[in-house]
Amino acid sequence: MSLIRLNDVSVRFENNQILREAFFKLEAGDRVGLIGRNGSGKSTLLKLILDQVEPDAGTVAVELGTKIGYFSQFSELNGASTITEVLDALFVEVKTIEAELAEIDSAIAADPQADEMDRLIHRQSELFESMDRLDGWDYPRSIDTVLTKLGFDEAHRICPIDSLSGGWRNRAALAKILLEDPDVLLLDEPTNFLDIAGVEWLENWFKSFKGAAIIVSHDRKFLDSVVTRIIEVENFHLHEYPGNFAEYVVAKQFKLKSLESQFLHESELLAFEAEGISDRREAAKAASKGLDNKLSKIKKSRAPRPVDKIITEIYGGLHIKDTLCRVEGLSKAYGEKTLFTELSFEVRRGNRMVILGANGSGKSTLLRVLTEQEKQDSGYVTWTKGAAVVSYNEILEELDPDDTVTHAVNAMPNSLAFNATKKSVNRFLAMFQFSEADLKNRIGNLSGGQRARVAMAMCLLSGASVLILDEPTNHLDMSSTQVMERALLHFPGAVVVVSHDRFFTEKIANRYLVFGTEHAKVGEVVVRGA
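Residue 34 is where the sequence shown starts when you use my numbering, and the numbers rise one by one after that.
Calculated from the structure, these hints are not laboratory results. Misleading hints may appear alongside valid ones.
[To be verified] Derived DSS-like pairs: lysine-lysine, alpha-carbon spacing no greater than 27 Å straight-line:
(1) Lys240 to Lys209
(2) Lys290 to Lys354
(3) Lys128 to Lys182
(4) Lys290 to Lys540
(5) Lys285 to Lys540
(6) Lys100 to Lys285
(7) Lys540 to Lys354
(8) Lys182 to Lys540
(9) Lys58 to Lys240
The whole structure should be built from the sequences, with the hints applied where relevant.
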């Protein structure tokens with residue numbers, strides 16, 4: 034029997050349709066990747082399962098007794114306890130069994146009467162079975178492994194959770210849910226605050242997880258490694274594709290090609306229909322107008338956009354110097370912790386430099402030093418005169434809630450919107466899913482994902498020579514990430530990126546700065562080509 038069932042479910046919020054006639058089943062052991070554009074209904078689907086949203090039509094059923102664990106990118110633990118104490122408290126039943134086993138050991142050592150000895154041994158056998166069932170023999174090691182792989186050092190383990198940053202409390206919540214071992218995991222962007230090592234560990238963790246999972250993620254490589262089928266939320270419906278993300282890409286291409294063939298076939302039929310009434314001039318004119326409108330709508334909705342042509346048109350007039358930045362002997366430490374020392378490299382035109390390393394190794398600190406948000410301990414950062422630098426994360430933080438999307442994009446001092454044609458800029462913004470109505474909307478009315486798209490569009494259209502991006506895929510949906518990737522590949526300047534999204538970095542990188550490699554000294558950074 035299915036653990037979770039959605040039958041003919043429809044959901045509306047005010048005047049906005051979110052889901053229509055949605056059907057879905059989750060079986061034991063399923064690994065479902067849930068994808069779709071920002072605002073398409075992914076989080077709503079999870080809230081339906083959690084009974085946080087009521088459907089307007091249809092039914093949502095969860096099998097009685099099913100234990101559900103829910104984690105979102107905004108999940109945070111709080112309280113005065115440490116994360117170690119919180120996780121230790123999950124094993125109360127195990128500790129009770131351990132205490133009883135210790136009492137039995139003491140009683141057996143006292144050499145009781147035969148009847149009592151039989152009773153003790155029988156009870157001991159029952160408790161051994163319970164420990165096996167709970168996998169409780171080595172729970173301290175399980176706690177240590179989860180915390181280690183999610184990046185918790187000793188200081189983070191022993192301080193109150195309320196003293197942790199939001200990102201660390203988020204990771205603490207993930208650790209708790211994983212150790213609770215639910216029947217169904219609902220994960221909404223679980224990799225956002227993890228480094229690459231943490232993401233890879235989570236992938237391996239899924240190999241031994243016996244439950245089912247629904248995973249909302251923009252991390253294509255993670256989906257490729259973990260899921261067994263993809264559900265795409267598109268046009269208010271759930272569209273299912275068997276297999277992992279790579280298999281979805283192939284299947285979706287075939288589906289789109291089928292739609293293109295359908296369009297060609299339909300256009301021939303419509304043309305033939307128009308010819309059949311050509312002897313009636315007025316009818317022919319009316320029909321022709323109707324046919325033209327219909328064909329135009331079909332072509333608009335189904336024909337793929339020439340993405341690369343739009344981007345190259347926008348960047349055609351952008352002229353960049355060869356050498357943009359020189360970094361010499363750069364060092365930075367916090368107290369006794371050395372992040373990097375004697376770091377030297379150049380940023381040149383055409384560089385797409387990805388900075389890799391574990392959480393806390395100094396990647397984001399280096400970006401802040403490059404953008405003069407933070408002061409280095411020693412060394413120099415020398416930007417070439419006239420080399421404009423823009424930080425996506427600064428733009429995102431400084432968005433004016435009273436500003437409109439159109440004004441924000443056009444108000445950048447050297448915005449390419451001034452030089453490129455209005456048609457090219459509007460088509461570029463359309464690729465980022467901004468309709469004409471969206472462009473007139475105030476930023477304060479937008480969701481987090483929509484604001485991220487505004488900031489990224491501003492960054493890519495800024496006219497800067499160097500783009501600084503810290504975890505840019507975290508709040509973008511998959512479609513927007515793909516547009517960003519195409520833009521970065523055509524961008525004539527330089528890009529410096531920190532990201533744990535391996536699919537993204539492998540597509541764009543032609544140079545790497547690697548913190549904490551296996552043979553590197555503390556604080557040493559290895560610079561290499563792609």
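Quick rundown of the hints versus the structure:
1. Lys240 to Lys209: 18 Å, holds
2. Lys290 to Lys354: 42 Å, violated
3. Lys128 to Lys182: 24 Å, holds
4. Lys290 to Lys540: 24 Å, holds
5. Lys285 to Lys540: 20 Å, holds
6. Lys100 to Lys285: Violated. Lysine 100 to lysine 285 sits at ~33 Å, over the 27 Å cutoff.
7. Lys540 to Lys354: 24 Å, holds
8. Lys182 to Lys540: 26 Å, holds
9. Lys58 to Lys240: Status holds; Cα separation ~22 Å.
Comparing the model with each numbered hint stated earlier shows that hints 2, 6 do not hold.
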